[in-house]
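Residue numbers (the working numbering), protein chains in the order written: chain A, 1 to 373; chain B, 1001 to 1265.
Some hints could be false.
[Unchecked claim] With a Cα cut of at most 25 Å, we get these calculated PhoX-like pairs of lysine-lysine:
#: 1; chain 1: B; residue 1: Lys1002; chain 2: A; residue 2: Lys10
#: 2; chain 1: A; residue 1: Lys259; chain 2: A; residue 2: Lys303
#: 3; chain 1: B; residue 1: Lys1238; chain 2: A; residue 2: Lys262
#: 4; chain 1: A; residue 1: Lys361; chain 2: A; residue 2: Lys373
#: 5; chain 1: A; residue 1: Lys99; chain 2: A; residue 2: Lys303
#: 6; chain 1: A; residue 1: Lys252; chain 2: A; residue 2: Lys168
#: 7; chain 1: B; residue 1: Lys1238; chain 2: A; residue 2: Lys259
#: 8; chain 1: B; residue 1: Lys1260; chain 2: B; residue 2: Lys1238
#: 9; chain 1: A; residue 1: Lys259; chain 2: B; residue 2: Lys1202
#: 10; chain 1: A; residue 1: Lys220; chain 2: A; residue 2: Lys99
#: 11; chain 1: B; residue 1: Lys1202; chain 2: B; residue 2: Lys1002
#: 12; chain 1: A; residue 1: Lys361; chain 2: A; residue 2: Lys168
These aren't lab readings, by the way, just hints derived from the structure by calculation.
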Amino acid sequence: MSSTTAAAEKLLLQMVDDYTEREISPQDMPMDQAGDFPEGFIQHLTDTGFLGIMLPQEFGGAGFGPEITASVLNHIARGNASTAVTLEGHFKTVDQILKFGTPALQKQLLPTANDRIFAFSMTEASGGSNPLGISSTATREGNHWVLNGDKIMITNGGLAAVYCVLVKTAPQELSVFVVDQDMPGFSFGKREDFIGLRGTPVGEIVMDHIIVDDDHLLGKLGDGGRIGDSAHDDARILMGAVLTGIMEHDLKIATDYAKERKAGQTPLTDLQVTHRKIADIAMRKETTKLLYQRADQLKAAGKPYSEEAAMAKAHGSRAAVSAGDDTLQILAGYGYSREYPVEHLIRDARAMEIAEGTVEKMRSAIAKAEFNK
Amino acid sequence: MKPKTIVVCIKQVPETNEVTIDPQTHNLDRRGLAGIMNPFDKNAVEQALQLADQTPAKVVLLSMGPDDYAESLREGMAMGADAGYLLSDRAFAGADTLATGYVIAQAIKQIGEVDLVLFGRQAVDADTGQVGPIVAEFLHQPQITYAASLRLSGDNEITAERLLEDTKQTLVAQLPAVVTVRSELNTPRYPTPRNIQLSFEKPLTIWHHDDLDLDDSRLGQAGSPTIVTKVYEPKPTKRELTSLTGTPTEAASQLIKALKAHQLI
Chain A
1 MSSTTAAAEK LLLQMVDDYT EREISPQDMP MDQAGDFPEG FIQHLTDTGF LGIMLPQEFG
61 GAGFGPEITA SVLNHIARGN ASTAVTLEGH FKTVDQILKF GTPALQKQLL PTANDRIFAF
121 SMTEASGGSN PLGISSTATR EGNHWVLNGD KIMITNGGLA AVYCVLVKTA PQELSVFVVD
181 QDMPGFSFGK REDFIGLRGT PVGEIVMDHI IVDDDHLLGK LGDGGRIGDS AHDDARILMG
241 AVLTGIMEHD LKIATDYAKE RKAGQTPLTD LQVTHRKIAD IAMRKETTKL LYQRADQLKA
301 AGKPYSEEAA MAKAHGSRAA VSAGDDTLQI LAGYGYSREY PVEHLIRDAR AMEIAEGTVE
361 KMRSAIAKAE FNK
Chain B
1001 MKPKTIVVCI KQVPETNEVT IDPQTHNLDR RGLAGIMNPF DKNAVEQALQ LADQTPAKVV
1061 LLSMGPDDYA ESLREGMAMG ADAGYLLSDR AFAGADTLAT GYVIAQAIKQ IGEVDLVLFG
1121 RQAVDADTGQ VGPIVAEFLH QPQITYAASL RLSGDNEITA ERLLEDTKQT LVAQLPAVVT
1181 VRSELNTPRY PTPRNIQLSF EKPLTIWHHD DLDLDDSRLG QAGSPTIVTK VYEPKPTKRE
1241 LTSLTGTPTE AASQLIKALK AHQLI
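Produce the entire structure from the sequences given, and follow the hints as far as they go.
Written as structure tokens, this is what we have:
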């Protein structure tokens, strides 16, 4: 890494920490309670240039690499995991357009990714972890494609303006098209009322006879499975970074509390039962961090990283739920109270045992990768 | 109209309050501490950028200190400043406010044709607030301190509102002038990620001793008339604590009695 790159990354993280402390963290509890983000919050985040962090400079972005992008989400998640996940959904989608989009599609869409949130939608009522179970279709009519179907549980669904959608172009063929909220036939459906990450909108889009040209096909016909896997891999690394941030948040709450509180006449910091819990949280945090950073290093080096990305998410999500549980136990009644953030950190972490592929699916993928070695 | 040149003087200060005192010099020991731009200086940078939005102007940052002070200059350039100068030389080390002000004033003269010099009201590490006024004296320019608002009120004139403890003054000064600003003036912008990257393409010049026209007798510790004889941390005093018990009404009644007993009410 050049000294200029290192200096720029240091300055970026300094700005992110400052912004998180002043603008994002104060909204953590209100967002969880309201199940939404406050008015102007996303616009301010956008105006400050967060959407373009990993977008190449030729498209008007900042052009930071994948490792520092994950670090940014890690730092934001220390104060507010929902906001970090909103950015994760955007970055993973932009990444797929950079990997698979034609130069014409990139030139048309990517400059707008500085101001508009992008989303990747795979899940349907009939298929989540089984992509071939979906029923949305793109059919050829003349020189165009006509898209029909409902996509649900989309991270940033209802907030994003641009959607990469997985559809069937033949009974056993999956492809990805890019649609825009302004296209005729596009509408938003139900918004989910989830128990965690409540500041991240998750919703449905409905495609009713949306007509697009060939240039809105991402990759080639039949590339849907490959692109979907790639989006999952990239998202899982970023989720590892978010989960690490949640555990750092847990650790700060737990250590701050333990330093102040006594059990009888004994400070909590002198109790072995506290030591064990703090050490476990710290070890879970560090192992998750090493896993996501390892996956990111492989990605940056152009090497395969699917297995490592799956490990980061599978290990990190359960680790963060357990870390939250230990933090809650240290804080006891205060931990169990909605007045304090601990309980919502558990709910936030729990989402990532499901989103971007269940931990069960992660373990199957990891095992298959090991069998193939 | 010729574009104006606004120089903003910034200082890098320790990120923590836990600074120690050098037992030899009795000065703050800043070695090994992570630095940030002095928060009041961010208000000065922001004000310069806002003035540059109103009238064609080049915003130039100036700082004196070790090489790592370049980080704060880059941050200011990421906020939008056009260029930066760092005055860095062992000969400048140990300078008090007078010796610091002298070097900064000489550098401003060398930049040439500067219309306005802005400072934060004071640095949060030493809290003197003296360097801005000293620079104004060296430059023989009008100065306005503690400005809570600042605008260009003519082609060659600024108007500032000066907030003091119990009064408010409106002052007009001819340019060139020196102004120190308060934090009420504005909310500094965040450097955007893209501007952080682009800031490394902007010119940052390091001026050493030999790059400036300097009188060596006025530099560093030798050129500093300030002598710090003693610096100490005030010892915390233990005070008597009385707990008020009972219902809120009873506690309030006890409080009133206690205040009366001490002849405070």
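Hint check results:
| no. | hint | result |
| --- | --- | --- |
| 1 | B/Lys1002 to A/Lys10 | violated, 37 Å |
| 2 | A/Lys259 to A/Lys303 | violated, 44 Å |
| 3 | B/Lys1238 to A/Lys262 | holds, 22 Å |
| 4 | A/Lys361 to A/Lys373 | holds, 19 Å |
| 5 | A/Lys99 to A/Lys303 | holds, 14 Å |
| 6 | A/Lys252 to A/Lys168 | violated, 47 Å |
| 7 | B/Lys1238 to A/Lys259 | holds, 22 Å |
| 8 | B/Lys1260 to B/Lys1238 | holds, 22 Å |
| 9 | A/Lys259 to B/Lys1202 | violated, 46 Å |
| 10 | A/Lys220 to A/Lys99 | holds, 12 Å |
| 11 | B/Lys1202 to B/Lys1002 | holds, 22 Å |
| 12 | A/Lys361 to A/Lys168 | holds, 22 Å |
Checked against the numbered hints above, the structure violates hints 1, 2, 6, 9; every other hint is satisfied.
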